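**Q** Residue numbers (the numbering used here), protein chains in the order written: chain G, 71 to 338; chain D, 71 to 338; chain R, 606 to 924; chain X, 606 to 924.
If you're looking for bench data, these hints aren't it; they were derived computationally from the structure. Computed from a predicted model, the values in this text were never measured in an experiment. Please note that a few of the clues may not be correct.
What the hints assert, rightly or not - Simulated restraints on C-beta separations:
1. T259(G) to D898(R): 39 to 45 Å
2. R665(R) to S107(G): 24 to 30 Å
3. G906(R) to S336(D): 28 to 34 Å
4. G222(G) to A730(X): 32 to 38 Å
5. E693(R) to A616(X): 36 to 42 Å
6. G92(D) to R813(X): 50 to 56 Å
We treat Cβ as the ideally placed atom computed from N, Cα and C, and that holds for glycine.
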Amino acid sequence: MSCGGGSPRDYAAAVLGHRPLGDGSGLLAVRCGEIASCAEPGQFVLLRPGTGNDPFLGRPLAVADAAGDVFKVVYRIVGRGTALLASKRQGDPVTVRGPIGRGFFSARGEKPLPRKVILAGGAVGAAPLLFAARRLGLSRIEKTVMGVAGKGWEGFAEWLKEAFPGVDLFSGDGTLGTKGTVLAGLPGTLPADSELWACGPQAMLSAIAAHYPRDGGRILAALESRMACGMGGCLGCVIPTVSGNRRVCVDGPVFTAEEVMWNELSSC
Amino acid sequence: MSCGGGSPRDYAAAVLGHRPLGDGSGLLAVRCGEIASCAEPGQFVLLRPGTGNDPFLGRPLAVADAAGDVFKVVYRIVGRGTALLASKRQGDPVTVRGPIGRGFFSARGEKPLPRKVILAGGAVGAAPLLFAARRLGLSRIEKTVMGVAGKGWEGFAEWLKEAFPGVDLFSGDGTLGTKGTVLAGLPGTLPADSELWACGPQAMLSAIAAHYPRDGGRILAALESRMACGMGGCLGCVIPTVSGNRRVCVDGPVFTAEEVMWNELSSC
Amino acid sequence: MNSLRADLSIAVGGLNLETPVVIASGVWPYDPVLWSPERLEGVGALCTKAVSLQPREGNRGVRVWETPCGMLNSIGLQNSGVRGFLKEYLPIAGKSGIPFLVNLVMESEREVRENLSILRESGDAIPAVELNISCPNADCDGMAWGISPESAARAAAIARSEWKGPLWVKLTPQAPDLPAVAKAVESEGADALVCGNTWLGMAMDLKRKQPVFRRVTAGLSGPAVFPLALRTVWQVCGAVSIPVVGCGGVSRWEDAAAMILAGASAVEVGSSLFADFDLPRKISEGLADYLADAEIPNLAGLVGLGRKEKEGGRPWAQD
Amino acid sequence: MNSLRADLSIAVGGLNLETPVVIASGVWPYDPVLWSPERLEGVGALCTKAVSLQPREGNRGVRVWETPCGMLNSIGLQNSGVRGFLKEYLPIAGKSGIPFLVNLVMESEREVRENLSILRESGDAIPAVELNISCPNADCDGMAWGISPESAARAAAIARSEWKGPLWVKLTPQAPDLPAVAKAVESEGADALVCGNTWLGMAMDLKRKQPVFRRVTAGLSGPAVFPLALRTVWQVCGAVSIPVVGCGGVSRWEDAAAMILAGASAVEVGSSLFADFDLPRKISEGLADYLADAEIPNLAGLVGLGRKEKEGGRPWAQD
Ligand SMILES: Cc1cc2nc3c(=O)[nH]c(=O)nc-3n(C[C@H](O)[C@H](O)[C@H](O)COP(=O)(O)OP(=O)(O)OC[C@H]3O[C@@H](n4cnc5c(N)ncnc54)[C@H](O)[C@@H]3O)c2cc1C
Ligand SMILES: Cc1cc2nc3c(=O)[nH]c(=O)nc-3n(C[C@H](O)[C@H](O)[C@H](O)COP(=O)(O)OP(=O)(O)OC[C@H]3O[C@@H](n4cnc5c(N)ncnc54)[C@H](O)[C@@H]3O)c2cc1C
Ligand SMILES: Cc1cc2nc3c(=O)[nH]c(=O)nc-3n(C[C@H](O)[C@H](O)[C@H](O)COP(=O)(O)O)c2cc1C
Ligand SMILES: Cc1cc2nc3c(=O)[nH]c(=O)nc-3n(C[C@H](O)[C@H](O)[C@H](O)COP(=O)(O)O)c2cc1C
Ligand code: FES
Ligand code: FES
């Protein structure tokens, strides 16, 4: 399959499988060869979860894995759209737009891959990192650190342990893994020839960025923003960067930490 | 189960089975004890076919059969809502309001049942008549006459023959059964101690009414009208009758032909 | 609603509501058999279908039409007149124990005067009046009264002089300067403002190639209009100090909370009841949970809370 | 679109459109990589994102928000200015073979004059201008020009004097008397009217208990507003004789047909592209089938067909 340019398309796809992970989260497998064969880690889809025009906009969901003609997404219920996702059954039709955006690999441009990558994920931010881990290969992963809130995330945490063998797990309330944030699991400075790839809540990402003020260019963060078009047209998803407003959907979602004006980000 | 008053309620129900009848029509079985146990022939439900608020209004569908905690409806695709119905699978949730309205038996008030009833249906107007036939019992049915357009109704016509043994079938283009309208299958005057129960397109019902100008009170017709509330509140569904505007949802849908001001009906 | 996690009672324009959820005019039936009080769980008050001096047949032809996330209606004020109303409805309405407002058609000055003098005869049996200067669906030009500040003030003044009990005035979003209309009505002594009614829309019949409605235009309501209605509530609440009741598109407790944060003291719920009879209970429960989680002691504490200054002390734009 | 069952071409305000489906301003990207002509199947013309004299950063904070069957936006006219536009976009835009309209911000008289004189330098490379006197989302009061007939006329007159090519003027539904605005703009020589832009709405953030948008209000678009937009199209088409382009909530071919029956010569499609990139093709196919089935020889034959007299010769109410 040829993966033409950065321009996502709309596909009528079908749910191939649904694995609930507990506490309102789950893993959906979607059959759509065009997306599965072209997606790279960090890219996402816009998935329209309902019938008719309500909900109106597609929900951005990171590609959590892709192989053959099937890609996976991990969701957690936060509102109407994700609640509809949670009710999907095998065979249900879904409309997906994708693959969208600049992933971890593309965001690095022409640079050779580093020897080691540290993965840091918060909550469902784990999803694109799973896909990244698969593509990086085990040997290149220095360390995987994941954070969740704690209570109410038991099922999700079990899945994290299964998906990321050897993961260092932290939780805000201390009920799962070690009490604390992912920061506690990260080194004081980045080892030579290594990078940190991160995805999670904005507060976590900006804390990481602040934690490594001199490691510019070696920290890649996948950001979130509210979106309408997912193709660069509406300018709804922009964030402030050192080079002006950039669109999370097509200029991101992966940015280097040094590009982003973390203090001027408004919460999503 | 006690069937309190005429006031319909909303139920979260589930599709128990779906039998496509071909050409975009089908038979849906819905598990909902409250409606199944209380419905009478001629009554209907308002079924919300989608997710969220689009489509916004419930679709009126006649109860085509009811037994135990299951009732059935027959649909034919005409727009968005019925297209969604056609995509329902076993286990899908549906919201139903019902049972709604004055059925064939109630519309007769206290009068004893006639010895014989002729059933005349057009297209999906067959649905409530099927339920009526079951409740009347074979011995009381004088004759069953059904009409469809013709081409594109093959599957539906097969089902009619199965559902109404001995049915007299007519089609406008002559491709199914006899060429003509149901009128051709009806007697010039109604036999003594008999009634005619009819449901179908407005043109068919008003032609029947015109055909029996002197048989007032013995012709019961189930009418259609656009509806919003299905409980008598919005006054959206009124039709002109000899006693002023009457609501199809709660004062009908079954009216005696002599009540209705056929010439002043606007098309639905 | 004893199971609510917070006290939702609130005083609005002369009525004490147990919850801030009011059933809007024109959606609930009068019929005793359809009117069972247990259907009204979570309801704080109920507006009647519009009542005119003389019985009215309403409009001919199609009266309701579905639209994306909403509906158009052109009912045209069908009702059996004030005498019919008093005879058929009053005896039942009292029984529910829930206060009701008589939604009053305003065709002419004379009509309102006579209508109110007839209602006065029933004394305390009529808890409140909602003066409708905003109906877009009748030849009587019911809406015209609500379009300009001057005519709205005149309508309010007449009603006020004839009716000493609680008087709510229902505004139309078609007014070019709604805050000015709101102020004008306030200054004539209305006890509360209902903001607003349906939005002027239209539908085309593609089969017949002509407008669906005989009057061409019709009133749009339902979730589709919520963002518009919320904006008008924000604007009107910034202009007046009497209580404001938000109306338009409320279909979830979140919508009610949004309008109350914007300054409304209560909300009316219309078309979304067509989608779910149980909505008032769900809204009340959602609001109570929201209050409880935010540790806000009572509903009044939520009214207008969303209008506080932005960070940095800059005021919100009020336009 | 060679497979269409009917000829959909139509001349509208100085442009010859192959289909009456125009992509509305602010929804399509400039980027060459995202801009592949085969994405534009069924499209008759395309409006650029608003272009202002100087580059603009646009609004801060949340910019888009979902609503029932629609969305609010507060983008705030982010663009790289007319010079940036000519450099980045013009070379690509021409390539698609589809005519485009430069959507022009109107902040001040001076801005429009300068802007148009810069555009004039590109000569024929700019097929047409869409003067935007209706943006509700910028501090420049872009919308104020469209509110009164006087200011709208003034805006149109300035643009007309500076731009001899096709000039469409995009009206705002927030105008209290839209037909009067439409007439005023027509009389100043505009070639077509776009009716209209977004509808002023608002959203509340229940978590932060404050308005979602920094500017409080934002523009509502999408299927939710279609019945309102159709009503304005009906009204405006009754008031003017230049072509009218319907805009607001078009999400299905049926919506396009409805607006054309009401008198529009074409439609613009905005937010619904977010739900389906393939919408222009679907609308064009649907319209072509509708024409073919009704045996109407060309699209012009459908324009205004829904305004014919009602049965009995009574005219349709025009309000
Ligand atoms: C690039 C990207 C990748 C993402 N990947 C994942 C993922 O893999 N798994 C996952 O569970 N979640 C992911 N999210 C977050 C996810 O998009 C939101 O949780 C989801 O859109 C919420 O939809 P809702 O209908 O349940 O909530 P609602 O609050 O009802 O949604 C209302 C609107 O707000 C938008 N919205 C709400 N929260 C967010 C958010 N955090 N980010 C962007 N838009 C939001 C919705 O898309 C919708 O348009 C991702 C977000 C982005 C931007
Ligand atoms: C009392 C009653 C019983 C009915 N029983 C059946 C039945 O058993 N089987 C069946 O297939 N159809 C039946 N109908 C017709 C059925 O309601 C419509 O075909 C259906 O609502 C069309 O919905 P849609 O979304 O597919 O069409 P759309 O045209 O997209 O619907 C748009 C709106 O118009 C309404 N509408 C469209 N056509 C009709 C109509 N003929 N009558 C009332 N409202 C309409 C819809 O309910 C909806 O609100 C019945 C109608 C009534 C009033
Ligand atoms: C079918 C229907 C009938 C209505 N009748 C009246 C009426 O008689 N008087 C009135 O003031 N408003 C009437 N309205 C307007 C509603 O009371 C309410 O103001 C409007 O529908 C907006 O609220 P909603 O979006 O919650 O429906 C009617 C609305 C509908 C849908
Ligand atoms: C994200 C977004 C950006 C927009 N930007 C502009 C703009 O720059 N100039 C303009 O005239 N209209 C702009 N609009 C308005 C649209 O062009 C259109 O008039 C409006 O959205 C109504 O149409 P719709 O319901 O089909 O979206 C924008 C709309 C959206 C949703
Ligand atoms: S979502 Fe439209 S530009 Fe990013
Ligand atoms: S549908 Fe509302 S009164 Fe009949």
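**Q** Looking back at the hints listed earlier, which ones does the structure fail to meet?
**A** 2, 3, 4, 5
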